[in-house]
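K.L.:
Sequence:
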Amino acid sequence: MKTSLTAKDHPLCKGLMISSISQMSSGVDTKLLKTNTDSSESFKGSAKVLSELLESSKNISAASSELGSIQLSVNEIRRRAHELRKKTDVEKDYTKAHYLLAGSGLALEDVDTSLNNLQSSQLLEQTVPNQSTEGEIDTYLKVRKDENILSSIENLLSMAAKDFDSFVNQNLNLDWEQRKEEVRENFGILVKRKAALDYKNMAPLNPKLPTWGSRGTGILNGEGARLNVNENYAVREKFENYAKIMHKFNSARQAKQEFALTHEFLNAVTSLGDSQNRQLLESWNILEGLKRNPNIIETAKIYLQKQFFDYVGNLYKKNLNEGLPTNINKIKSFIFFKLRNPNNTWKFGNLTIVNGVPIWALIFYLLRAGLIPEALEVAVNNKASFKKVEQSFVTYIKAYASSKDHKLPIEFSTRLHTEYSQHIKSALDGDPFRLAVYKIIGRCDLTRKNISSVTLSIEDWLWIHFMLIKDDVAGNDPVYERYSLEDFQNIITSYGAERFTNYYLQVLILSGLYELAIQYAYSINEIDAVHLAIGLADQNLLSICTHEGRTNKDPKNDSELITLEDNQRKINFTKILGNYTTSFKYSDPRIAAEYLILISLVNTPQQIRLCHEALTELVLETKEFTVLLGKINRDGTRIPGIIEERRPLLYLSDEKEFLYTITEQAARRADEDGRIHDSLLLYQLSEEYNIVISIVNAMLSDLLSNTDLDQPLLTIDDNSETSPILIAKKLVSIYMDNLEISKKIHTRNKETCILLLKLTDARRTYHAHQWQNTLAQIEELEIIPFADEISARKKAQEFSSLNENIIKNIPSLLIMTMSCIFNLIQDLNKSDYRSVTKEQQVLALKNISKNCMIYAGIIQYKMPRETYSTMIKLDIGM
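Residue numbers (our numbering): 200 to 1077.
Hints should not be assumed to be uniformly reliable.
[To be verified] Cβ pair distances, simulated, as ranges:
1) GLU764 - LEU514: 38 to 48 Å
2) GLY1076 - SER357: 37 to 47 Å
3) SER450 - ASP917: 33 to 43 Å
[Said to hold, decoys possible] Distance condition first, Cα-Cα at most 20 Å in a straight line; then the derived DMTMM-like pairs of lysine to aspartate or glutamate:
4) LYS830 - GLU843
5) LYS769 - GLU886
6) LYS1049 - GLU1065
7) LYS606 - GLU618
8) LYS597 - GLU573
9) LYS769 - GLU685
10) LYS603 - GLU618
11) LYS1045 - GLU978
12) LYS855 - ASP872
13) LYS500 - ASP659
14) LYS648 - ASP659
15) LYS606 - GLU573
16) LYS957 - ASP987
17) LYS505 - GLU487
18) LYS1049 - GLU997
19) LYS447 - GLU457
20) LYS586 - ASP628
21) LYS830 - GLU820
22) LYS928 - GLU997
23) LYS624 - GLU589
24) LYS490 - GLU457
25) LYS455 - GLU844
26) LYS822 - ASP877
Derived by calculation from the structure, the hints in this document are not laboratory data. We put the CB at the ideal spot given by N, CA and C, even for glycine.
Using the sequences and the hints, build the whole thing.
P.N.:
What follows is the structure in C-alpha cells.
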C-alpha cells in the first residue's frame, strides 16, 4: 500500500520527524563504519534507500510546529519500536507509522524489506554485550577498557609475586627451625634448650626421647578402638566388674600371692542362656583345666570327656531306670535314649546286642566319658559274647587301660592294625561302634579319621580327633600313620567359624589356637575378648609378637592384631590393652593404669619397655598427675600415685629408676612440647629439684622482662598454680627448709631465684610509687652501681658473667632506677624551702644517675636501643 499523504502536511509531526530521522541516520552511519567493506548487494541497496530518506527529510520544515522538536535517543526509539512491534497483528499493520514517512515517497513495504536486510547482515546490533546500560556504545567501550586495565594489573602483580619468591629462594637461606625456636621463646613459650639451664654440673641424663606420645603414633591414640564403656548401664557394669578383678589381680601379684584369675572371670561372665555367653563360659572352663594340665591334647580330652559325662548324668536324672546309678548304668541309659527309636527298635540295624544292650556302643561311650576301667570291665564280662575275630580285643584293652599314656605296646599295636585291616574295616555288616573302638585304641587308618555314623555332635567329632592324634611320631612311621596337633589345627582353620556354629571359640581354645581365639572373641564381645587375652597371657599361653606394632587399625583385622613370625601366629598383646584402655583413659585414668601395667605381664624386655612407654603416654595425655604419679605436700614430702604404688610390677629396681623411667621422661616430653607448668610438676615428682628451680627462674625472668613497668606483676586471678611469683615463693619456702632437697639444688640457681624474687618485691614497690624504698631495694640487689664511677666500670665488667635470667632484667632495672631518681629530684625541687640537706640529697641522687649512665654506656650494645635512649631523656630532665 502506498500513500500520497506527506509529513509536511502535518505540523505536529514535523519536529519529531526531523529529530528522529537525524538521530537514526547518525546511528546507522555509526553502524556502517563497523561493517566490512565487502558488503552484500542487499547492504548497498539498503544504504541507498536510507540515504534517500535522509535527503528527503532535509526538505521537511519544522518551523510550522509550535511545540518544537522532540529529542529522542536511540534507546528510546528502540523501546518505542519494540512496543509497536508487540502491538502488530499477524498481518503487517503499519497503523500510524505510514503518516510519519509519507513525505519520503517511499513504499513502506520497501522500508520494511530494507530493515530486514540490514538485520540479516548483522548491520544493526540489537544489544551491546556486558553493559549495564544497554545499547550505549561509549559505556560498553569504557567498561571493556577498565577490564583490560585491571587484567593487566593482575598479571603484573602475579609476575611480581613470582619474581619475589624466586629472589627469596635464590638469595635467602633461612634456618626456619631456629626462627621457630626464637619466636616461641619471645612469646614466653619454653623451648627444649631452656629446660637445660645449668645442667652442666648435673649427672648426664639420657638424651634419647621416646618417639611416641601425643604425635599420633602412640599406644593410646585409639583410632582402632570403637568401644565405649559408658555406652549404657550393662556395659558399664561389666567394665567395672572386670576392673575390680584387675585391681585384685595386680594387688595379689604385687604381694606375690596366688590368685584364681580364671575362676574370677568365670564368676564375672554371668550365665544368660544365650549361645554367645555359653561360648565364653565354656572357654573359661577349658582354661581352668589348662591350669591343672598344660598339655593341650590331654586337657582337651579330659574336658570333652567330663563335659559328656556331666550331660549323661543330667540325662539319667531325668530318665531314671532300674538299678543303681553306676557309671555303666548311666551310659546304658544314655544309649537307650539316643540309639533306640520310640517303638523300642534300634536306630542302627547292625549293632551287636548282648542281653538287650549294644555291647560295642556301651564300650565306645564308656571310653567317650573317660571311663576306661568300666570299659575294660564290660569287655572282660562279655568276652564270651565276642566273635572269634574279636577274642583278642580283651588283651588289647587291658594293655590300653594299664598304660600311663593309654598307648599299646608295639607288638599289640601291630596285631591290632592287622586285624583291623583284614576283618574290622572291611566288614560289610560290622558294628560301627566296634570299628570306632578299634580305631581309637589302636589309632588305626589315620587317612580316614572321621566316623560319621557314631559322631552325634561336634564334641564327639573333636574327641575322636584328639584321641587319634599322635604326639610322638616315630621317624619310620609312614606318612599315612602320622597325625599331629598341627595337622588338626590346620583342619580347624580350613573349616572356619561357619563349620562350628556357636562352638568355634571353644574349638580354637581346645585345639591350642589361642591367638585366633582372641581374634574371634572380638566378634562376640570386645570386653570379654580383652580379658580372655589377659587370662591366656597369665598362663603363658600366648605367643607375643616381637615388633612393636603400634598401628591404629581395627583390632578385628587379623593382619593387624595377629602377625606371622617364623611361620607362627603371634598376637599384639600391647595393642589389645592399648586400644581397650583408650576407651576410658580420660574418664578412669586409675583403672587405665591398672590395665597398662598388665603389658608387662609377659615378662620380656620388649613388653616391659612398652609398658613403661604406655604409662608415660597415659600421664602426658590425661595430665592426671596427682592420680597417676602423686603429689608434693607443703612440707615437701611425696604422696605416691597409682603408678608408683605398682612399681614392683614394672620391673624397676628401685624408686630412682622408676622416677627416671616414667616421671622424668614425661617431664621431658612436656618440656619439649612447651607445657611449662606440666613439666614443672613432673620434674618435682621426679625429684629433679635443680631443674625445677631452673624452670622457675626462667619463668620469673620472662615475667619480669616482658611486663611493662607500669603494669602489676600479680593480679587477683593469679594463684599458686599459675603465677611464677607465687610458685617460686612456695618452692623456695619448701626447698630451703628441707636440707636434703636443698643439697640437690645448685647454689647459683638458688641465688638467682632469691634475687629474682627480691626484684619482684622492688617492682611492686615501684608500682606503688614508693621511689625511695624502691631505690633501697634495688641497691640491696647489688646489681646496679650506686657507689661511684669505679663501681660502675667494675659492674659493667661483671655483666657478662651474670646469669642470663638476671641479664634479661637489667634494662628494666636501670630504667626503674633512673625513674626513681627523676621523681625524687622532681619532688625535692617542688618544695619551697632551701637547705644544704636538700642540695646534698639532689647531688647524691645525680651521682647515682651518673653511675648508672656510665654503666649503661659501657654495656649499651648488650641492651635494647630504647633503654639507653630512655635513660638519656630521664637524665636530661633531672
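K.L.:
Take a quick look at whether LYS957 and ASP987 sit within 20 Å of each other, Cα to Cα.
P.N.:
23 Å, violated
K.L.:
For the pair we were handed, LYS822 and ASP877, check the Cα-Cα distance against 20 Å.
P.N.:
8 Å, holds
K.L.:
So if I understand the rule, the pair passes when the alpha-carbon distance is 20 Å or less; does LYS597 with GLU573 pass?
P.N.:
Since the Cα atoms of LYS597 and GLU573 sit roughly 11 Å apart, the hinted pair holds (cutoff 20 Å).
K.L.:
Quick one, are LYS1049 and GLU997 close enough, alpha carbons at most 20 Å?
P.N.:
19 Å, holds
K.L.:
Would the hint linking LYS769 and GLU886 be met if the CA-CA limit is 20 Å?
P.N.:
40 Å, violated
K.L.:
Is the straight-line distance between the alpha-carbon of LYS505 and that of GLU487 20 Å or less?
P.N.:
13 Å, holds
K.L.:
Going straight from one Cα to the other, do LYS830 and GLU843 come out at no more than 20 Å?
P.N.:
Holds, at roughly 11 Å.
K.L.:
Do the alpha carbons of LYS603 and GLU618 lie within 20 Å of each other, as the hint requires?
P.N.:
Not OK: LYS603 and GLU618 at ~24 Å, beyond 20 Å, violated.
K.L.:
Kindly confirm whether 33 to 43 Å is satisfied by the beta carbon distance between SER450 and ASP917.
P.N.:
42 Å, holds
K.L.:
Does LYS769 pair with GLU685 here, judged by a C-alpha cut-off of 20 Å?
P.N.:
16 Å, holds
K.L.:
Checking one constraint from the list: CA of LYS490 to CA of GLU457, max 20 Å. Satisfied?
P.N.:
13 Å, holds
K.L.:
Compare the distance between the alpha carbons of LYS648 and ASP659 with 20 Å, and conclude whether the hinted pair is satisfied.
P.N.:
With a Cα-Cα distance of about 12 Å, the restraint between LYS648 and ASP659 holds, given a limit of 20 Å.
Checked against the numbered hints given earlier, the structure breaks hints 2, 5, 10, 12, 16, 22 and satisfies all the rest.
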